[in-house]
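> The lines below spell out each chain.
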Amino acid sequence: MKLLYFAWIRAKIGMAEETVTLPPEVGDVGQLLDWLETRGANFAAALKERGVVKVAVNQEYVGKDHKLGTGDEVALFPPVTGG
Amino acid sequence: MKLLYFAWIRAKIGMAEETVTLPPEVGDVGQLLDWLETRGANFAAALKERGVVKVAVNQEYVGKDHKLGTGDEVALFPPVTGG
Amino acid sequence: MITIKVQREDFDIGVELAGLSAGNTQIGGVASFTGLVRDIAAPGSAGSRMTLEHYPGMTEKQLHAIATQATERWPLDACLIIHRYGELAPGDRIVLVATASAHREAALSACAFLIDWLKTKAPFWKLEDDGATQRWVEAKDSDDAAAAKWADTK
Amino acid sequence: MITIKVQREDFDIGVELAGLSAGNTQIGGVASFTGLVRDIAAPGSAGSRMTLEHYPGMTEKQLHAIATQATERWPLDACLIIHRYGELAPGDRIVLVATASAHREAALSACAFLIDWLKTKAPFWKLEDDGATQRWVEAKDSDDAAAAKWADTK
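Residue numbers (the working numbering), protein chains in the order written: chain A, 1 to 83; chain B, 1 to 83; chain C, 1 to 154; chain D, 1 to 154.
Everything labelled a hint here was simulated from the structure, so no lab data went into it.
Be aware that a few hints might be false.
So, partial list: chain C residues that the calculated Cβ filter (under 8 Å) puts toward chain B [to be verified]:
id, residue
1, MET1
2, GLY47
3, ARG49
4, THR51
5, LEU52
6, MET58
7, HIS83
8, GLY86
9, ILE115
10, LYS119
11, ALA122
12, ALA146
13, TRP150
Everything numeric in this text was worked out from a predicted model, so none of it was measured.
Quick reminder that beta carbons are idealized off the backbone N, C-alpha and C, glycines included.
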């Protein structure tokens, strides 16, 4: 699965994208965030404020209970500030 | 007093402007319109729909009871349609 | 800060909008509305035309008064109205209203206010020629209603 | 009818707006909103800068979805969104939203809707540098409120 990070979530994690193989217990977006937080202090810091983390799967906004597939492109980012 | 006519009021009267000396009984805008109507069929036709005739005195919108002075510039025109 | 132009000539929107915000980097947004001549050609005619008559002197005065109201009502950094008169063809620009502000809501609302208000107050009259007959455009009740709504709300 | 451009380069508003209505003489009005970079320089600093990050692919998709919503909601003849990314300086244009319609109310409302909606949905992030320190711009509650009001009313 391809993971993309943007803005201060990217800056805190220290990486713009990576390809991961999900452990079997990760089935939805909420579980993905739980798992990512265990991967290090940088992830924990980036995802600490769980309420502000926005998630897009295959470039569409999804909720925390969205089910994940192995070929998905999953992006994590803070609230948008363009315009 | 200088009188100006615009749009279809100008077209019906057949004249864009004129200088007139008001008879003594004409003291306000309503009385001016009453008097103008008596000046010929063209004026009567132009001012027939009294409700739609807009009046500006010295380039400001005024009501029918606005008092007139001899040096005033008075304009009669239909509702505006610019923009 | 308020710029009013009443002119026969066309205008360049890009140049006008750039001029509106030039030198003021506190401006966060510029809203604009451009009115265009619509084609009302009768079937088989040579094409439609429009002539815009206005009241020189009063036009500038009214547009200035409308723009002043907008600047009193919203925190605008700049405000521009350009209105053409004379003969125009379908697709031609008639009017440009533009507002600049630190806040986008102010710029957008003031722009809508200005065009609504201008439509009922600025002394312009449209004579349409559909290629067959000429007629003076009638004022629309919807324009009065659009202007009236600004009397109550901000 | 819907045009979306996500680009590093600046744009010419006059050219873009003329292109929007070109060849369609049923269009009576074009509304636009241009977002500009505001200067936030710290006192004594060398001047402020801004960097706009975005999510290539999703950006275009979201802007297209927003524009489609606008055309479903209002009778638009054309709709344009240009959004820049990369490094920008104070006074630079960031975004242009423009709508064309036979009816001015439709053009004005759709333009306001698009910029409000874009602010909460399009995946762009601003990194501000006031000449002393860098910080990611925080999303504003007022932007959420501005977008939310379109959910209820037309």
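> Give a verdict on every hint.
Hints, one by one, checked against the model:
Here the hint on MET1 (chain C) is broken, as its CB sits about 22 Å from the closest CB of chain B, past 8 Å. Restraint check, GLY47 (chain C) versus chain B: the minimum CB separation of about 21 Å is more than 8 Å; hint violated. Taken as an interface hint, ARG49 (chain C) does not check out: its beta carbon lies about 16 Å from the nearest beta carbon of chain B, beyond 8 Å. For THR51 (chain C), the interface hint is violated, since its Cβ never comes within 8 Å of a Cβ in chain B; the closest pair sits about 10 Å apart.
Hint on LEU52 (chain C) holds. Least Cβ distance to chain B is approximately 7 Å, under the 8 Å limit. Hint on MET58 (chain C) holds. Least Cβ distance to chain B is approximately 4 Å, under the 8 Å limit. Because the smallest distance between the Cβ of HIS83 (chain C) and any Cβ of chain B comes to about 6 Å, under 8 Å, the interface hint for this residue holds. Because the smallest distance between the Cβ of GLY86 (chain C) and any Cβ of chain B comes to about 13 Å, over 8 Å, the interface hint for this residue is violated.
Nearest Cβ of chain B to the Cβ of ILE115 (chain C): about 6 Å, under the 8 Å cut. The hint holds. Taken as an interface hint, LYS119 (chain C) checks out: its beta carbon lies about 4 Å from the nearest beta carbon of chain B, inside 8 Å. Against a cut-off of 8 Å between C-beta atoms, the interface hint on ALA122 (chain C) holds, since the closest Cβ of chain B lies about 5 Å away. Taken as an interface hint, ALA146 (chain C) does not check out: its beta carbon lies about 10 Å from the nearest beta carbon of chain B, beyond 8 Å.
Look at TRP150 (chain C): its Cβ only gets to about 14 Å from chain B, farther than 8 Å, so that hint breaks.
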